[in-house]
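S.K.: Listed here are the chains, written in short residue letters.
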Amino acid sequence: MGKETKIKCVVWDLDNTLWHGILAENDTLVLRENVVRVIKILDERGILQSIASRNTHERAMEKVRAFGLEEYFLYPQIHWNSKVTSIEQIAQSLNIGINTFAFVDDQPFERDEVKFSLPEVLCIDALEVDQIPAMSVMNPRFLTSDSRQRRIMYQSDIVRNQVEADFAGPKETFLSTLNMVITIAPAGPEDLQRAEELTVRTNQLNATGYTYSYEELDAFCHSDQHRLLIASLDDKYGTYGKIGLVLLETAAATWTIKLLLMSCRVMSRGVGSILITYIRQEAKKNQVRLLAEFVPTDRNRMMYITYKFAHFREIETDEPGDVTLLENDLSTIPPFPDYIQVNFIGVNSRI
Amino acid sequence: MDTTNKIKSFLTKFVRDADVGDDEDLFATGLVTSLFAMHLVLFLEKEFQVKVDNKDLDFDNFRTINAIVSLIEKKRNSV
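Which chain is which? The protein sequence lines are A and B, in order.
Heads up: the first sequence runs through residues 0 to 350, numbered per numbering that gives the first Met the number 0.
Heads up: the second sequence runs through residues 0 to 78, numbered per numbering that gives the first Met the number 0.
Warning: the hint list may mix true and false statements.
Below, in silico cross-link-like pairs of lysine-lysine (DSSO-like), each with a Cα-Cα straight-line distance of 30 Å or less [stated by the list, open to error]:
id: 1; chain 1: A; residue 1: Lys-7; chain 2: A; residue 2: Lys-114
id: 2; chain 1: B; residue 1: Lys-54; chain 2: A; residue 2: Lys-257
id: 3; chain 1: A; residue 1: Lys-257; chain 2: B; residue 2: Lys-50
id: 4; chain 1: A; residue 1: Lys-7; chain 2: A; residue 2: Lys-235
id: 5; chain 1: B; residue 1: Lys-45; chain 2: A; residue 2: Lys-235
id: 6; chain 1: A; residue 1: Lys-235; chain 2: A; residue 2: Lys-283
id: 7; chain 1: A; residue 1: Lys-257; chain 2: A; residue 2: Lys-5
id: 8; chain 1: B; residue 1: Lys-74; chain 2: B; residue 2: Lys-7
id: 9; chain 1: B; residue 1: Lys-74; chain 2: B; residue 2: Lys-45
id: 10; chain 1: B; residue 1: Lys-54; chain 2: A; residue 2: Lys-283
id: 11; chain 1: B; residue 1: Lys-73; chain 2: B; residue 2: Lys-7
id: 12; chain 1: B; residue 1: Lys-12; chain 2: B; residue 2: Lys-74
Negatives, chain A to chain B, calculated, CB over 12 Å [stated by the list, open to error]:
id: 13; residue: His-56
id: 14; residue: Glu-70
id: 15; residue: Ser-155
id: 16; residue: Pro-169
id: 17; residue: Gly-187
id: 18; residue: Ser-267
id: 19; residue: Glu-313
id: 20; residue: Ile-344
To give an idea of the interface, some chain B residues facing chain A are shown, with a C-beta separation under 7 Å as derived from the structure [to be verified]:
id: 21; residue: Val-14
id: 22; residue: Arg-15
id: 23; residue: Val-19
id: 24; residue: Ala-36
id: 25; residue: Met-37
id: 26; residue: Leu-41
id: 27; residue: Phe-42
id: 28; residue: Phe-58
Honestly, the hints are just simulated from the structure, not real lab data.
Idealized CB from N, CA, C, for every residue including glycine.
Looking at chain A on its own, in the form it has when it is part of the complex:
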């Protein structure tokens, strides 16, 4: 599609950027004009935000809190180390690419250091804060309900991950404490933007690496040779949003899984196996052959393992390039794991 890389996270400096004045010098701090408006606009667009500031953490966060802005910042990095380290740390914690970062600071020195060490990061002078919302890289192609909730979803993840790290006992027991509910439904018109976003955003867990545009996905929805399914996941901490997508090609005697993908945030929840189990059940019910395409990348070995452990075997293929074709024997199909509730909305009648 040859498009520019959109910004997914904006990292703010504090002194003389977020506010006028220097905290460590006991200045009277006043928020920069319009900065709250800009922060809220970015937040609504699903652009995450954080802080890289040379200050004492406790003291600075107290000010941020007093200004009522604490909730907008994920993994704030406030210490005396370099901002390059801070941005790298934030990128790692959020698990998103450094090339999707922007950094706002009033000091040319700080911007230059970031530009030098992390040339992919977009550096913005604090004087240009007003222009941020209009920048094209700050305007995602689509605004979906998931993008509006993105920051809250990350915040629930922070809580979950903490609880998980502190949990002593088998993984399975931990999962059963989450009260997870997965909902599988045919993708409707309102899901297509998110579906496109998923194919573009989450290539690390895409079994074929195929990406589809909105228009292509829309065509699949209207095709009687295809089924496009979308899965969402919720638990007691909140929603993970729409996190999984399956494209099935449904010819008369053979079904082929063209696309199986899921957001990397749910990698540890067994969602891939559940989607595959569901498709196997349906294929068996409809008495069709079940095939799956797989294109190995350096990141999707887990998908291959998931397929193989779900009774898929490689078969000979005339497919061009690196496409591996797998066939399922539809023999033993396990029940859904008991740590998760599986709901279907309007799928049985359509498949």
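Once you've looked at the hints, dock chain B against the given chain A.
M.R.: Then chain B, alone, in the frame of chain A:
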């Protein structure tokens, strides 16, 4: 610790009822999550210094503790 016990001790990190027999089907309960499968493969590669190839990723090689043990032995002997 021998191979069997190392695998068993790994299982206890994931499975609630990890006290399974050496020939009991590990996956009969629907336990096979993507995560478990991936962790199991990574654990075996690291712990026993073997490379699990795509052709080894056959369900039958992982169905029981005994099956896993014999896969590991086969891999070690072929080095």
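S.K.: Evaluate each hint against the coordinates.
M.R.: A quick look at each hint next to the structure:
no. : hint                    : verdict
1   : Lys-7/A <-> Lys-114/A   : holds, 18 Å
2   : Lys-54/B <-> Lys-257/A  : holds, 22 Å
3   : Lys-257/A <-> Lys-50/B  : holds, 28 Å
4   : Lys-7/A <-> Lys-235/A   : holds, 26 Å
5   : Lys-45/B <-> Lys-235/A  : violated, 34 Å
6   : Lys-235/A <-> Lys-283/A : violated, 33 Å
7   : Lys-257/A <-> Lys-5/A   : holds, 27 Å
8   : Lys-74/B <-> Lys-7/B    : holds, 19 Å
9   : Lys-74/B <-> Lys-45/B   : holds, 13 Å
10  : Lys-54/B <-> Lys-283/A  : holds, 26 Å
11  : Lys-73/B <-> Lys-7/B    : holds, 19 Å
12  : Lys-12/B <-> Lys-74/B   : holds, 24 Å
13  : His-56                  : holds, 33 Å
14  : Glu-70                  : holds, 30 Å
15  : Ser-155                 : holds, 19 Å
16  : Pro-169                 : violated, 5 Å
17  : Gly-187                 : holds, 26 Å
18  : Ser-267                 : violated, 5 Å
19  : Glu-313                 : violated, 8 Å
20  : Ile-344                 : holds, 22 Å
21  : Val-14                  : holds, 6 Å
22  : Arg-15                  : holds, 5 Å
23  : Val-19                  : violated, 13 Å
24  : Ala-36                  : holds, 4 Å
25  : Met-37                  : holds, 5 Å
26  : Leu-41                  : violated, 10 Å
27  : Phe-42                  : violated, 12 Å
28  : Phe-58                  : holds, 6 Å
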